[in-house]
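> The residues making up each chain are set out below.
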Amino acid sequence: MLRSLWEYRFFVLTSIWNDFYMRFVRSKLGGAWLILHPLSQVMIYAFILSNLLASRIPGISGTYGYAIYLMAGLLGWNLFSEVLDRCMKVFVKNANIIKKMSFPRITLPIIEIGSALLNNMMLLAVMVVIFFLLGHGIDWSILSVLLMAPVVALLAAGIGITLGVLNVFIRDVEQVMPIVLQLLFWFTPIVYPAGGIPEQYLAWLRLSPVFQIVTAYHEAIVYHRFPSFSALAVLFVLALAACAFSLFLFRRANADMVDVL
Amino acid sequence: MSVLRAEGISKSFRAHRSEWHRILSWFLPARRFRHEKQILHDIDFQVGAGEAVGIVGQNGAGKSTLLKILAGTMQPTSGKVHVDGRVAALLELGMGFNPDMTGRANALNTAGLMGFSRAQAEAAIPGIEDFAEIGDYFDQPIRIYSSGMQVRLAFAVATAFRPEILIVDEALSVGDAYFQHKSFDRIRQFRAAGTTLLLVSHDRAAIVSLCDRAILIDKGTIRMDGHPESVLDLYNAIIAEKEGYMVSQTVGEDGRARTTSGTGEAAIDKVVLLDDAGAETDILKVGAQVTLRVDVRLLRPVPGLVVGYMIKDRLGQPVFGTNTYHLGKPLKALEAGEKLSFRFTFDVNLGEGSYSLAVALHEGDTHLGRNYCWQDLALTFTVVNTDQSRFVGISWAPPELELVR
Chain A
1 MLRSLWEYRF FVLTSIWNDF YMRFVRSKLG GAWLILHPLS QVMIYAFILS
51 NLLASRIPGI SGTYGYAIYL MAGLLGWNLF SEVLDRCMKV FVKNANIIKK
101 MSFPRITLPI IEIGSALLNN MMLLAVMVVI FFLLGHGIDW SILSVLLMAP
151 VVALLAAGIG ITLGVLNVFI RDVEQVMPIV LQLLFWFTPI VYPAGGIPEQ
201 YLAWLRLSPV FQIVTAYHEA IVYHRFPSFS ALAVLFVLAL AACAFSLFLF
251 RRANADMVDV L
Chain B
1001 MSVLRAEGIS KSFRAHRSEW HRILSWFLPA RRFRHEKQIL HDIDFQVGAG
1051 EAVGIVGQNG AGKSTLLKIL AGTMQPTSGK VHVDGRVAAL LELGMGFNPD
1101 MTGRANALNT AGLMGFSRAQ AEAAIPGIED FAEIGDYFDQ PIRIYSSGMQ
1151 VRLAFAVATA FRPEILIVDE ALSVGDAYFQ HKSFDRIRQF RAAGTTLLLV
1201 SHDRAAIVSL CDRAILIDKG TIRMDGHPES VLDLYNAIIA EKEGYMVSQT
1251 VGEDGRARTT SGTGEAAIDK VVLLDDAGAE TDILKVGAQV TLRVDVRLLR
1301 PVPGLVVGYM IKDRLGQPVF GTNTYHLGKP LKALEAGEKL SFRFTFDVNL
1351 GEGSYSLAVA LHEGDTHLGR NYCWQDLALT FTVVNTDQSR FVGISWAPPE
1401 LELVR
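Line by line, the protein sequences give chains A and B.
Residue numbers for the first sequence follow the working numbering, beginning at 1 and rising by one.
Residue numbers for the second sequence follow the working numbering, beginning at 1001 and rising by one.
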């Protein structure tokens, strides 16, 4: 499988590039959307939550503390949810070429993961600029984001491909997942500080890998600390397990998939 | 040497009690499923290097499923496909094209999808640009292309690299007449260079002119595998097959299968060609007079009877056909047991070559109404030129020459 991926590297790379290029080519503001999208999201949350609910983020001072906290969390969350969403829809979306052309199908989710990672790196670059403008310094610890991103993508891909295979046969998956993701989003301290969660629930919420991801992003970006190695190691093992399972499922379902698509 | 071998291919689509049962079936062996719809039964055939094989069959006969299995996108339920070399399938042109990207970017991406590296894809680009003949549009987004331009580009990309096996599914009827010629030419060049061709089409002319063998798929099995013309005759008979229709085939002395079909109220006893001396013949001289005799026997009473014949050339293309309705002698209300003999006398205004003759007995002015009996390849004959001036072509239209200088 790895060898066929290598043989099709040109296809994978041009597809990622096309996907990236496409997002700008037909919109008037072009590349500016890359900044405007996350910025608007941050501004909405910042406006509602910091003014109306008067949220306070412990351990960070300054007027823009909350916005920075939000951006750090969203960077991690966006990567996770984008990879998951893309992988879940990839087989149905490409039904036509899957049915009519013979090529390694594993390239399809790889393209989606690559595109999502590229988007996320662009977002990171934009955020670094915004942090600079807001007067929030960055540190070497931000480099750990580069290490975490592949792990997050791997975990999300493992879950996403599994759901993607199921989605070919049971299309409800695609409908249910936005609700599940919505729940997951609000059960993760992204727009609110983890400190606000009552003790008895905190232990449970911590079990969620997304909780760990977002916390690690907070550590690296907001608090300038390298995230705990053990938490990352656990995430990595979890990601490998999810990927292994999803590939196993994918191989088993491969023959059936073309019949149904 | 066969480059493509299908060994006992069967394909069935399984319906499970629910999709959850299907998902369970990936993990547990031999789960029960509710019912199975078998599309292909035990398909066996081989195609040699450089051979061109036409595949015909009615809609739903299983052609597309077979092609997908041969192209490698679909797995057979049982059986195996052996392939030597690269298979390119023109199953549907222009899929995977991204409307917002330029023709060039799409060509590169599609070449990648076909498994080629950057260097190979870039090397093929000038050839693709040349062949598609879309000019400056090549660097414009596909969404502003006309559908004809899209198809030209798609065909150019799909055939930019010569495959060992080319599978073409009705994709040839693309673009204008000029481009159709061009695409046919390219396929012929591939063949000349040794590419094996599998062509699925309803177009008789395409199959007869490109293929040296044809396979008829009917209800998921190979009904016939042989000379394209004989296969197409049987295919046409099957299309016309309705309730009460009988289709039978006998193999003639020349080894080609003769197809007879019809509802059976009337039968053709004998079809012969008689020369001007009244002797049976199958070698006709250009310009000579000849008589076609068709003996008919009625097995059941019929409201009307029209006898028609059609002369076809070596490729099965119609050369001339008419019937007793158009000749002003339709018959009405005939009794069972009656015997009739029809004689059509005409001049052999045909070019040199071999021809076949089909005969039909039907009720109305065309065979589309009630068709009692239809016989393809009822006889074959050869036209020779012994006493006329030399000429080429399929018809004999001798001119008077007048020279002015």
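A few of these clues could be false.
Selected chain A positions facing chain B (Cβ under 7 Å, derived; list incomplete) [claimed, not checked]:
1. 11
2. 230
3. 255
4. 259
To be clear about the criterion: a stretch of chain B counts as covered by chain A if any three or more of its residues have a C-beta under 8 Å from a C-beta of chain A, and this derived list gives those stretches [as the list claims (entries may be wrong)]:
5. 1124-1131
6. 1190-1198
7. 1222-1234
8. 1373-1384
To be clear, the hints were calculated from the coordinates, so they are not data collected in a lab.
Small disclaimer: the values here were computed from a predicted structure and weren't measured.
Cβ coordinates follow ideal geometry from the N, Cα and C atoms, glycine included.
> Next, verify each hint and record whether it holds.
Evaluated hints:
1. 11: Residue 11(A) check passes; min Cβ-Cβ to chain B is 3 Å, inside 7 Å.
2. 230: 33 Å, violated
3. 255: Hint holds; residue 255(A) Cβ to chain B Cβ min 4 Å, cut 7 Å.
4. 259: Status holds, d = 6 Å.
5. 1124-1131: Coverage by chain A is violated here, the residue count being 0 at a Cβ distance below 8 Å.
6. 1190-1198: It is violated, with 0 qualifying residues against the three required.
7. 1222-1234: violated (count 0)
8. 1373-1384: violated (count 0)
Comparing the model with each numbered hint stated earlier shows that hints 2, 5, 6, 7, 8 do not hold.
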